[in-house]
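**Q** This is what each chain is made of:
2 protein chains.
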Amino acid sequence: MIRFGRHPERSVADLGREAVLGLIQGMNLDRERIQAAYGSSVFGGPLVSQRILKEIGMTGIPCYNMENACASGATAFHMAWLAVGMGLYDVVLVVGVEQLSTFGGGALPIPADDIEGHHGIVMPGVYAMRAQRYMKEYGAKPEDFALVTVKNRYHGSMNPYAQFQEPVTLEEVMASRMVAEPFNLLQCCAGNGDGAAAVLVCASEIAKELSDKAITVKASHITSGYFKGGYRDLTWPEITYRAVHKAYEMAGVGPEDIDLVELHDAFTIAEILYYETMGFCGRGEGYKFLKDGKSYLGGQVAVNVSGGLMSRGHPLGSTGVAQIAEMFWQLTGQAGKRQVQNARIGMTHVTGGGISGVDNGACGVHIFAATQ
Amino acid sequence: MIRFGRHPERSVADLGREAVLGLIQGMNLDRERIQAAYGSSVFGGPLVSQRILKEIGMTGIPCYNMENACASGATAFHMAWLAVGMGLYDVVLVVGVEQLSTFGGGALPIPADDIEGHHGIVMPGVYAMRAQRYMKEYGAKPEDFALVTVKNRYHGSMNPYAQFQEPVTLEEVMASRMVAEPFNLLQCCAGNGDGAAAVLVCASEIAKELSDKAITVKASHITSGYFKGGYRDLTWPEITYRAVHKAYEMAGVGPEDIDLVELHDAFTIAEILYYETMGFCGRGEGYKFLKDGKSYLGGQVAVNVSGGLMSRGHPLGSTGVAQIAEMFWQLTGQAGKRQVQNARIGMTHVTGGGISGVDNGACGVHIFAATQ
Chain F
1 MIRFGRHPER
11 SVADLGREAV
21 LGLIQGMNLD
31 RERIQAAYGS
41 SVFGGPLVSQ
51 RILKEIGMTG
61 IPCYNMENAC
71 ASGATAFHMA
81 WLAVGMGLYD
91 VVLVVGVEQL
101 STFGGGALPI
111 PADDIEGHHG
121 IVMPGVYAMR
131 AQRYMKEYGA
141 KPEDFALVTV
151 KNRYHGSMNP
161 YAQFQEPVTL
171 EEVMASRMVA
181 EPFNLLQCCA
191 GNGDGAAAVL
201 VCASEIAKEL
211 SDKAITVKAS
221 HITSGYFKGG
231 YRDLTWPEIT
241 YRAVHKAYEM
251 AGVGPEDIDL
261 VELHDAFTIA
271 EILYYETMGF
281 CGRGEGYKFL
291 KDGKSYLGGQ
301 VAVNVSGGLM
311 SRGHPLGSTG
321 VAQIAEMFWQ
331 LTGQAGKRQV
341 QNARIGMTHV
351 TGGGISGVDN
361 GACGVHIFAA
371 TQ
Chain Z
1 MIRFGRHPER
11 SVADLGREAV
21 LGLIQGMNLD
31 RERIQAAYGS
41 SVFGGPLVSQ
51 RILKEIGMTG
61 IPCYNMENAC
71 ASGATAFHMA
81 WLAVGMGLYD
91 VVLVVGVEQL
101 STFGGGALPI
111 PADDIEGHHG
121 IVMPGVYAMR
131 AQRYMKEYGA
141 KPEDFALVTV
151 KNRYHGSMNP
161 YAQFQEPVTL
171 EEVMASRMVA
181 EPFNLLQCCA
191 GNGDGAAAVL
201 VCASEIAKEL
211 SDKAITVKAS
221 HITSGYFKGG
231 YRDLTWPEIT
241 YRAVHKAYEM
251 AGVGPEDIDL
261 VELHDAFTIA
271 EILYYETMGF
281 CGRGEGYKFL
291 KDGKSYLGGQ
301 VAVNVSGGLM
311 SRGHPLGSTG
321 VAQIAEMFWQ
331 LTGQAGKRQV
341 QNARIGMTHV
351 TGGGISGVDN
361 GACGVHIFAA
371 TQ
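Sequence lines, in order, name chains F and Z. Per this note's numbering, the first sequence starts with residue 1, numbered consecutively. Per this note's numbering, the second sequence starts with residue 1, numbered consecutively.
To be clear, the hints were calculated from the coordinates, so they are not data collected in a lab. It is possible that part of the hints are untrue.
Any copy will do: because identical chains look the same in the list, a pair fits if it lies in one copy or spans two.
Listed next, the in silico EDC-like pairs over lysine to aspartate or glutamate satisfying Cα-Cα at most 20 Å (straight line) [said to hold, decoys possible]:
(1) K141 to E171
(2) K291 to D259
(3) K228 to E238
(4) K291 to E172
(5) K228 to E55
(6) K208 to D90
(7) K228 to E32
(8) K228 to D14
(9) K246 to D90
(10) K246 to E256
(11) K337 to D259
No experiment lies behind these values; they were computed from the predicted model shown.
Bound-form chain F, shown alone (with noise of 0.2 Å):
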């Protein structure tokens, strides 16, 4: 993957370019093995992995561009799965990208029908409502969440990729400037950064001819949102819920097996519902969590070493392969200074997409292990 930032002077397809060609320099492959790309971008423009490819020479094959909001990373590589599970393929690429810096006003834009949005329910609304719901049933306080940014600021730190890569103390991240209450402007992820990451998944034989390093995918699922309407449990992320343990299923494993999670922690209060969602801890229970040190590098479970949404930051299109670039270092060893020890299982989880108010258009997650 690129580091993650602003680069609002190169194109959608120069950043993949670099991510691509460092992945393929990177193992020595030959390119002429790849047999197909899997793209994902959100706000990329027609034919993103195309435009890519054609910088580095690589054209001729079949591409598939993925869009799915924030779990479009994952659900490209959910499909290059697929394809190679079934056998139509032995190695294809997935690329991810974004562009974010290049937009106008900084902000996303809202569909001209999102009725709910237009009216203010945009997502640090949506996420604020969920603190001020958790604050009310559970006794946590704003300092709870903005540890959130403290703990993935310091994991970021020891990453080279990320975008934010300076740790913040408890104090400067309340003392940023007020989006929606609760929140601080360093309490929620940037959505202004450029990224792209990419990954080579082949079938197991393969993999063994091409690397002496590869991780095993245990589970991949992708799933959308129920909508509905009337009375809903702001402080339940149902869709996270439904995805990761329908992933533990596949996988055979449960929230005591695994190792280290890179989840979708868009706002503080996310990562907190995760920890709870994923079976980490009980309801109620996951600023407490936080606070006794269980979801940092070297606790019961490293949450977001990488830096997560709030440090290594958030082009969206690539954020979900970004993730799984981040399970291969750690399950192979590389991961340096951010090196979870003995990490043998691990997950992803994006999750986004604002339509009807709270509830998230789709959630991709994947369960690896490391292969040795």
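Since the structure of chain F is provided, determine the placement of chain Z on it from the hints.
**A** Below, chain Z without anything else, positioned relative to chain F:
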């Protein structure tokens, strides 16, 4: 499918809703049988299939959204076919949708990094160059191209779903304003319409249970362009040749077996070049093939009997799915006045997405057979 046309007052979700509901109600299908959705759109924004399905309360199923320029609909169908083929799902929905009437200037946007596009090598220019070269090589006249519009508008006059249902004369085509020599306006498909189309893909044993009318997928192939620099033969659409001949091979058929084709007549010259590329006639003979009536309803092969892009319209992401809907109607004998008699085998073809001047970015071809 819905009648293609201009509906700027409606939303993308609403257009898709009508197509999906029409499918479900027309089949008297229990919607609970649908296990996943494959959406296709180029400019429809995030989560098109989720936004459509939310309108009719079909939520919580895996949704995948595909973008592949003009080949988006074919790509979504291909992905659905793969998933059913590998047994992941039994019954899945494909829905293509596009709303172009709400675009400001009426023309498709040129990406910032498309240097050729910014210098005038946009679609009408590219195809006009093809036509100029073809005239020089083979002695065709502008009127020979205009006959494609006359044929397709005649066919479309029998299609209640077509955007343009009035036949036009050769004189009317030639009298319409010049866009890019030798193309008058009526030799260019309309890129300003809206549309939606939906089809169901299921395992063959399930098809018998759900409906007494079904067709069989004999081949499905997606590929991308080579984007070569330097000299290219403008009268030979290489990407179409490659995709179509791969599909013939998969299906075990040749051009002599094809009863009808829905092909990508974005500009009149395109249809003539595809007769030759698909092997219905020799090189340089396409315009005579048309003039002799061989591509009319009742001719050697019925080409674009739906009206094609020229008459049915071309709302990008919905075109590939609408072509497949036409195959369903034709191969089950439900096409009314435009019915191809004794139709047994049909082919659909979409290609497009300009990058690097004259090469297309993506091409999708399917071959279908009557099941009875």
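**Q** It remains to establish, for every hint, whether it holds in the given structure.
**A** Hint-by-hint comparison with the structure:
1. K141 to E171: Within one copy only: 14 Å inside, 76 Å across.
2. K291 to D259: within (19 Å within a copy, 70 Å between copies)
3. K228 to E238: Result: close within a single copy only, 11 Å intra versus 48 Å inter.
4. K291 to E172: within (17 Å within a copy, 76 Å between copies)
5. K228 to E55: Only across copies: K228 and E55 sit 11 Å apart there, 44 Å inside one copy, limit 20 Å.
6. K208 to D90: within (12 Å within a copy, 33 Å between copies)
7. K228 to E32: Intra 47 Å, inter 16 Å, cutoff 20 Å: inter-copy only.
8. K228 to D14: between (41 Å within a copy, 18 Å between copies)
9. K246 to D90: Result: close only across copies, 19 Å inter versus 26 Å intra.
10. K246 to E256: within (16 Å within a copy, 49 Å between copies)
11. K337 to D259: Classified as within: same-chain Cα gap 16 Å, cross-chain 64 Å, threshold 20 Å.
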